[in-house]
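Asks: Top line first, the protein sequences correspond to chains A and B.
So in the numbering used here, the last one in the first sequence is 341, and the numbering has no gaps at all.
So in the numbering used here, the last one in the second sequence is 341, and the numbering has no gaps at all.
Heads up, some of the hints might be wrong.
Derived pair list, reagent style DSS-like, types lysine-lysine, alpha-carbon separation capped at 30 Å [what the hints assert, rightly or not]:
#, chain 1, residue 1, chain 2, residue 2
1, A, Lys37, A, Lys94
2, B, Lys338, A, Lys94
3, B, Lys94, A, Lys143
4, A, Lys307, B, Lys94
5, A, Lys312, B, Lys94
6, A, Lys29, B, Lys307
7, A, Lys194, B, Lys338
8, A, Lys312, B, Lys44
9, A, Lys307, B, Lys29
10, A, Lys94, B, Lys307
11, A, Lys194, B, Lys194
12, A, Lys194, B, Lys312
13, B, Lys338, A, Lys338
14, A, Lys94, B, Lys312
In case anyone wonders, no lab produced these hints; they're calculated from the structure.
Number of protein chains: 2
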Amino acid sequence: MPKKKKKKAEKRDGTLLVGIDLGGTKILAAVVDKNGEIVAKSKKSTPVAEGAFVVIDHMAEAVHRALEKIDASIDDVMGVGVGAPGPLDPKTGLVHFAPNLNWTGVPLGGRLEEVLDVPVFVHNDVDAGTYGEFRLGVGKGTDNVVGIFPGTGIGGGIILDGRLITGSRGSAGELGHTIVLADGPVCGCGKRGCAEAVASRTAMTRDIRLAVQNGRETAFVELVDDLHDERITSGTWAEAAEAKDELALEVLDRTAYYLGILTANAVNILDPEMVIFGGGLIEACSHWLMPRIRQVAMQYYINKLGADKIQIVEAQLGDYAAVLGAAMLARDRLKAGG
Amino acid sequence: MPKKKKKKAEKRDGTLLVGIDLGGTKILAAVVDKNGEIVAKSKKSTPVAEGAFVVIDHMAEAVHRALEKIDASIDDVMGVGVGAPGPLDPKTGLVHFAPNLNWTGVPLGGRLEEVLDVPVFVHNDVDAGTYGEFRLGVGKGTDNVVGIFPGTGIGGGIILDGRLITGSRGSAGELGHTIVLADGPVCGCGKRGCAEAVASRTAMTRDIRLAVQNGRETAFVELVDDLHDERITSGTWAEAAEAKDELALEVLDRTAYYLGILTANAVNILDPEMVIFGGGLIEACSHWLMPRIRQVAMQYYINKLGADKIQIVEAQLGDYAAVLGAAMLARDRLKAGG
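Use the sequences and the hints to build the structure in full.
Replies: This is the structure we're talking about:
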């Protein structure tokens, strides 16, 4: 592809926006009107094994299908936003590296723009999710927001003065890989003591397995068929906590403790008005996590003046945060001239 | 003072700027021309015991004295910037709390503006120092900078897209009070495991005292008259390291390790182009600190793509970083309309 000579696709007269959430198992596309309402959507599986360009074709198909549902076409669309796993470069739309897609150096933005012939803007999926909550969800009306999404890992997004912070290499917001316990447990990234290594669902599952290996009694032995091979879902965590399983409550409490410290670190660095927690683990286990996160965070704030006004809240948009955020990012970048 | 009715002092036609660095022992004032050159300066002691308003009068006097040196007057000044200890509110110029001045709730900006009758802008002293390095020192030409100043504590400043990040309560940038070692040593702030508790000069001195109490041999016993009461100066650290004192090198290495982790945390969250280290400890001991900080930081970056381009450098402006930064902040805020 003659990348350097290529111009950004022309801006269309359309008033619709499209948001796409590109995951390792599914592609979610949504058509969004100018008020930020989803007016149509479609879903496709992600054909990871068939390579990047087939995946991108499926993304385009998902967009066309969603548009067809409301008798619209790509000509009615002013821009497309994508939330993708990364590290990636939001300026060029190049995905440097995405293990769950088996991608290295894929020009996602450029290629999708060629296929759809409409301006495409690519962002990290967690950034898109945070932006969605900021513009249309629980963060509506604020200017300074930090998003924290604990799951298999811990994703983060930062909005300051109304603008998404992407950083000089497009990799800002990696809260999950900040060290909170130097020389602590090994993280999936190979380092020690990352927030992810002590407060992600991966860390929680590791702790349960180790405890069971060492003879601790726990409801998980009944709730999970093969504790050694299977991941413990967020729903199962809630079930075990509901049943007052001592080990589950202990691990949830420790997770909340470290998430509270991570929250305080983010507040001490960025001083936002709001910290938004989202993702399946928070949705399922908020009762056991959120109050303790708030308590620990307050304890670790360095400046407590007005700190009671810093809201620590749950996300509202669920699975639609990323598509909505991606669509809004496309709109706001088109407005700002790219 | 009828605070609410008071208007900001009128902008003057003058082309000069003034920067003031308000410390617990001295007040440094500098007259700065529009090219960012210091054209006159003056110094006064800080009469802490006489109360806030006498201190503010001394600040005004220092300004007038510096102006007199170049036959100028306050009418030639378009604005005054102050770097002050705090938590403080840069919007109103109110210093919430400054232990080394014995201040609580002092309307520094408003009062100095009354006394001088010229617009005054107040910022945290570390923010001002970082801004000085960004605009006129080692960071000239960059857009995204993090400043880290290890000393008695560890101060931090953040500039993103060319703008100082102050946060929703004016307390952003408190890198020294982010937790890097959960449940670690107690910090001056009362919490455990802050960066300050493991990597400030205060932490270093604590470690030397403990080692000596436990019978370790070290040059510090000779170099410091009363190791129990006296603080170990940055110069003494350099002397001990120069003499290859094993304990000194060990503590410097550990300090650099934690500063490297703190740097990586800041990079993983903010993804700046440059991290600037400043202050007396860095100036005196850069040989033993900077290479190790760079090495550890690189090891703890989550995204290593292009990370070799992130510069970790020493500050250039020394004692003048804060006055220059405060002056530039005044100018840039006047330009932006306050």
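Asks: Does the alpha-carbon distance linking B/Lys338 and A/Lys338 stay inside the 30 Å limit?
Replies: holds, 24 Å
Asks: Is the Cα-Cα distance between A/Lys29 and B/Lys307 30 Å or less?
Replies: With a Cα-Cα distance of about 28 Å, the restraint between A/Lys29 and B/Lys307 holds, given a limit of 30 Å.
Asks: A/Lys312 and B/Lys44: Cα distance at most 30 Å?
Replies: violated, 41 Å
Asks: Starting from A/Lys94, check that the Cα of B/Lys307 is at most 30 Å away, please.
Replies: holds, 18 Å
Asks: Under the criterion that the straight-line Cα-Cα distance not exceed 30 Å, is the pair A/Lys307, B/Lys94 satisfied?
Replies: holds, 18 Å
Asks: Taken at face value, is the distance from the CA of A/Lys94 to the CA of B/Lys338 at most 30 Å?
Replies: holds, 29 Å
Asks: Mind checking the alpha carbons of A/Lys37 and A/Lys94 for me, to see if they're no more than 30 Å apart?
Replies: Distance ~23 Å between A/Lys37 and A/Lys94 Cα, so the pair holds.
Asks: Taking only the CA atoms, is the gap from A/Lys94 to B/Lys312 under or equal to 30 Å?
Replies: holds, 18 Å
Asks: Is it true that the CA of A/Lys312 sits at most 30 Å from the CA of B/Lys94?
Replies: holds, 18 Å
Asks: Taking only the CA atoms, is the gap from A/Lys307 to B/Lys29 under or equal to 30 Å?
Replies: Satisfied, since the Cα-Cα distance of roughly 28 Å is no more than 30 Å.
Asks: Taking only the CA atoms, is the gap from A/Lys194 to B/Lys194 under or equal to 30 Å?
Replies: holds, 25 Å
Asks: Is the straight-line distance between the alpha-carbon of A/Lys194 and that of B/Lys312 30 Å or less?
Replies: holds, 21 Å
Consistency with the previously given hints fails for numbers 7 and 8, ordered from lowest to highest.
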